[in-house]
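Visitor: Sequence:
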Amino acid sequence: FHLAGTLLHAAVCALLYACLRRDWSPRAAAAAALAFAVLPVHVDAVANIASQTEVLALLGMLGAWWFLGAEAPGRRETTLGLLCFAAAACSKEPAVLFPAAFAAADWTLRGRRPDHPSRRPGYCGRAAVLVLFFIARTVIAGTAMKGGLPYFSGVSWPVRLLTLASFWARHYLVPVITGAFQGIDFTKPLLPLSSPADPVAWTLLLSGLAVIGAAARGLLRRSPWAFWLFLAALFLLPTSQLLNETDTIGAERYLYTPSLAWCAAIGWAAERWSRSRWTAPALAALLLWYGGRTVLRSGIWHDELSFFTASVRENPAAAAHRYSLGVALIRSGRTAEGESELRKALEL
1 FHLAGTLLHA AVCALLYACL RRDWSPRAAA AAALAFAVLP VHVDAVANIA SQTEVLALLG
61 MLGAWWFLGA EAPGRRETTL GLLCFAAAAC SKEPAVLFPA AFAAADWTLR GRRPDHPSRR
121 PGYCGRAAVL VLFFIARTVI AGTAMKGGLP YFSGVSWPVR LLTLASFWAR HYLVPVITGA
181 FQGIDFTKPL LPLSSPADPV AWTLLLSGLA VIGAAARGLL RRSPWAFWLF LAALFLLPTS
241 QLLNETDTIG AERYLYTPSL AWCAAIGWAA ERWSRSRWTA PALAALLLWY GGRTVLRSGI
301 WHDELSFFTA SVRENPAAAA HRYSLGVALI RSGRTAEGES ELRKALEL
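Residue numbers for the sequence shown follow the working numbering, so the first one is 1 and each next one is one higher.
Take the hints with a grain of salt, since some may be wrong.
[What the hints assert, rightly or not] Label pairs and their computed distance ranges (CB to CB):
{"id": "1", "residue 1": "Trp278", "residue 2": "Glu339", "range": "47 to 57 Å"}
{"id": "2", "residue 1": "Glu245", "residue 2": "Arg170", "range": "15 to 25 Å"}
{"id": "3", "residue 1": "Leu305", "residue 2": "Ala180", "range": "40 to 50 Å"}
Derived by calculation from the structure, the hints in this document are not laboratory data.
Glycine included, each C-beta is placed from N, C-alpha and C at the ideal position.
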């Protein structure tokens with residue numbers, strides 16, 4: 001299963017490079033694809049079998065982008081692109097946002113509007129796929145898209161937004177950029193709610209809103225950087241607690257697609273300062289740092305004992321992880337330690 005996950009991730013990276021090469025130089029596309037390949041926050045999505053839906057969804061979306069993003073896609077390309085889009089949507093629901101992402105990319109990178117003659121069949125086909133997907137999903141799984149006790153149950157919207165802004169900055173933005181400070185689980189009560197009197201939370205929230213506003217304005221002006229920010233925000237939206245409430249405030253696996261924005265920034269920087277003698281060493285050092293952190297992070301997925309030991313270390317207040325660690329210890333013959341963890345789980 002680990003091999004299958006790694007091969008799927010490698011396929012995503014190769015397809016990402018191929019898609020970027022249509023509009024970028026080989027240097028920029030390679031830098032972005034290599035950064036995506038070794039980014040430490042991807043370990044959760046690639047190593048965890050249940051999270052590989054993230055990888056499958058992005059693989060399908062990139063396949064759709066490759067076929068439908070051709071200068072003048074024919075019937076064959078359109079059909080294959082729609083099949084890739086359908087596969088992505090069936091892998092994970094947020095992939096239904098792909099048409100919006102494709103439209104933004106087409107507009108900012110190539111100046112093509114959805115009503116352009118070469119794009120109409122693709123957009124009509126994607127609309128048909130969406131209708132069929134939602135009909136099938138409603139018949140099979142119903143309309144509910146919530147899981148567990150909502151994380152923000154009974155919490156006011158100002159407190160919710162302030163808490164989310166602090167969480168995204170600390171547990172999403174910082175780990176993506178630095179490759180460190182990662183976490184497995186973000187369920188209650190690990191993260192306290194932000195206070196309306198917290199100036200740092202307000203600063204982060206207002207800064208985020210300002211960036212979103214600048215990105216919206218940049219999209220109208222066909223700014224490429226605005227597209228990548230839009231992409232990140234778009235695919236974080238379904239798991240942001242703003243539209244669909246779940247029992248966790250977030251997870252690193254949710255960053256698999258949004259992290260494309262940071263990798264694109266790395267590719268842009270590699271091209272922008274390509275003539276500097278420090279660019280290649282700096283890029284190599286960054287990729288080596290990310291790769292080393294990825295290897296270390298992958299170690300926690302070696303077996304259940306190593307995983308739940310790390311889970312308890314990173315979220316000692318989670319009763320479910322204490323219970324799972326206790327069971328793993330007992331299975332490995334460390335009965336006394338296992339019983340101790342089970343008692344701690346009961347106390348929690």
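Visitor: Each hint needs a verdict: does it hold in this structure or not?
Guide: Against the structure, the hints:
Hint check: Trp278 to Glu339, Cβ distance near 56 Å, so the stated range 47 to 57 Å holds. Between Glu245 and Arg170 the C-beta distance comes to about 21 Å, which sits within the given range of 15 to 25 Å. About 24 Å separates the C-beta atoms of Leu305 and Ala180, a value inconsistent with the hinted range of 40 to 50 Å.
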